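Student: The whole structure should be built from the sequences, with the hints applied where relevant.
There are 2 protein chains.
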Amino acid sequence: MVTDSFLNHIEQLRFEINEKLQSFPLDSEPKYIYDPIKYIMDGKGKRLRPILVNLVGTVYGASKEDLLNAGLAVELLHNFTLVHDDIMDQDNLRHGKATVHKKWDESTAILAGDGIYAIAQILITKVKTNPLKAVEAFNKATLYVCEGQAYDKEFEHNHGIVLDQYLTMIKKKTGWMIGFSAELGGILGDQPASVINELQSYGLNLGIAFQIQDDILEIFSDAKSMGKSLGSDLIAGKQTILTVLARQNDEIGWKQIWDETKNRDIQVTIEKLREYFDENGILKSAKNMAKKYTEAAKNNLQIIPKEKRAQLEQLTEFVWKRKK
Amino acid sequence: MVTDSFLNHIEQLRFEINEKLQSFPLDSEPKYIYDPIKYIMDGKGKRLRPILVNLVGTVYGASKEDLLNAGLAVELLHNFTLVHDDIMDQDNLRHGKATVHKKWDESTAILAGDGIYAIAQILITKVKTNPLKAVEAFNKATLYVCEGQAYDKEFEHNHGIVLDQYLTMIKKKTGWMIGFSAELGGILGDQPASVINELQSYGLNLGIAFQIQDDILEIFSDAKSMGKSLGSDLIAGKQTILTVLARQNDEIGWKQIWDETKNRDIQVTIEKLREYFDENGILKSAKNMAKKYTEAAKNNLQIIPKEKRAQLEQLTEFVWKRKK
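Residue numbers (this note's numbering), protein chains in the order written: chain A, 19 to 342; chain B, 19 to 342.
The list treats identical chains as interchangeable, and a pair is accepted whether it falls inside one copy or across any two copies.
Think about it this way: if two alpha-carbon atoms lie no more than 30 Å apart in a straight line, the pair counts; the simulated DSSO-like pairs of lysine-lysine are:
{"id": "1", "residue 1": "Lys256", "residue 2": "Lys49"}
{"id": "2", "residue 1": "Lys49", "residue 2": "Lys273"}
{"id": "3", "residue 1": "Lys151", "residue 2": "Lys49"}
{"id": "4", "residue 1": "Lys121", "residue 2": "Lys171"}
{"id": "5", "residue 1": "Lys49", "residue 2": "Lys189"}
{"id": "6", "residue 1": "Lys256", "residue 2": "Lys121"}
{"id": "7", "residue 1": "Lys158", "residue 2": "Lys64"}
{"id": "8", "residue 1": "Lys171", "residue 2": "Lys342"}
{"id": "9", "residue 1": "Lys305", "residue 2": "Lys115"}
{"id": "10", "residue 1": "Lys302", "residue 2": "Lys242"}
{"id": "11", "residue 1": "Lys120", "residue 2": "Lys342"}
{"id": "12", "residue 1": "Lys339", "residue 2": "Lys309"}
{"id": "13", "residue 1": "Lys341", "residue 2": "Lys189"}
{"id": "14", "residue 1": "Lys151", "residue 2": "Lys38"}
{"id": "15", "residue 1": "Lys171", "residue 2": "Lys120"}
{"id": "16", "residue 1": "Lys120", "residue 2": "Lys256"}
Hints in this document: simulated from the structure, not taken from any laboratory.
Computed from a predicted model, the values in this text were never measured in an experiment.
Tutor: Below you can see the structure in the form of structure tokens.
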């Protein structure tokens, strides 16, 4: 059960992270790069990754300073990938605000993303406990998230992509960095490899569940909660859990629906797709899959001493139940 | 004097670096990111930065393995900035080959650049001597090169930019990374801060001289040697040592020439500008300035024991005399 006290706790963590990002010491010149970087640091976000670093690290008594530097590093790494992905995907809205390439231009967004990444690197190098291990895991996560985005682009408009390929993509694009966030908590808490690996698996499973949920919410939530237009991934020809399962379930029927929605009003399209996914059991299958990964994540948590597990159990439940 | 034996030595180093880059172990999937990364690693380049790491590190007995990893890391960091800069500046040719965004598209080039940077980070983290110092200096250099590129973009088409601003820009955009390459040789040779700082100054001065030379060659060399079209920076409204000095020398006269060259055939423009820079002493002032920084670099080299200084003295001379 997700308690009010847990919700208050992560709200407090989110508040602290936002405050640190907003007051982050940055030069004012050159404005060409620091104005957009400030804009990004002022943005909203769930802050799931630094919250995860904090909750796992706290279990193992990691230092507050390390958790802060590492948490900010992970959040900025995530933001760097978002800024560049938004250019590649031509997304104009992120967390309810214009994306950097939309507010400025693509050159500015490329460079601001690069700068944010360099700052993230500077922060991760500052951790005092196992800095080299932390930096190595950080670099591996970065390369994997690039590979995941590469699959995402490669799979666009490809109607031959099957579930396994989709899972490979989201493991790298979303799962690995959430896995890394949990792993980092263990590294900063100076845990042995066996514990760190299990924490990594926990985060990976949680991340896969998170992405599947994200794909569902992109169609079944509302634009206001999501802070971006609904259905934009689908329209961009992205592979999502819903399209992959629909294709696997009834290729011909799905192609028919998909072709019918072309050039329709987006709201009509979304209504029609919701109906199709619901009536054909696709939504249910997708939810079951998210549940399966959530359960696997919960099992991984058994590596943590029972009396210290509650917060992360609640986080897992919280991610599973989220509406945005 | 630059001896044949020195030229053979750096040719050998260049050969080894190219070989390591061409045979660098990379996954084959996803092709979306690894095909362009292989293409970049196959590219040509002067390899000045890894050569510098090698020559400085060898003076101080750094390990061959560290010098290799660090040299590749620095070269890939440089390549990452080139791939992204080429998008921002819409340059279509680099070292005689189509740039990544031209051969593929901008999304591919953004992501391939990010991937190359992640690989560079993985490599620098592998050094055995003072890895954290090396990584810290690497990150600082990355942020500075981003700041330099930001100034470069900010100053485009701005006819109010003066020499000091130009120098701030090239120090960060070009100078710092060459300074960092020399510094890295000292870090890997486990030298004290006083030596490392002087090595950094050496590279910084060399880098500033290098960029001034580059600005001159962009107008006074030939396209074949440069592997890119002449005058492209000028046409893109970039600040170069020649335009900044011409403006400082005779603002009205320079504006007249500049306006006259607009919309002219590029070959005619270049001829006309060469004539102007030559006849008005601008070329001479620019060369003197490059010489001044070259001399400063040579002075910095006195930190190195006399009997071990010859190779770097020749490198300094070589950069000063280069024709491409």
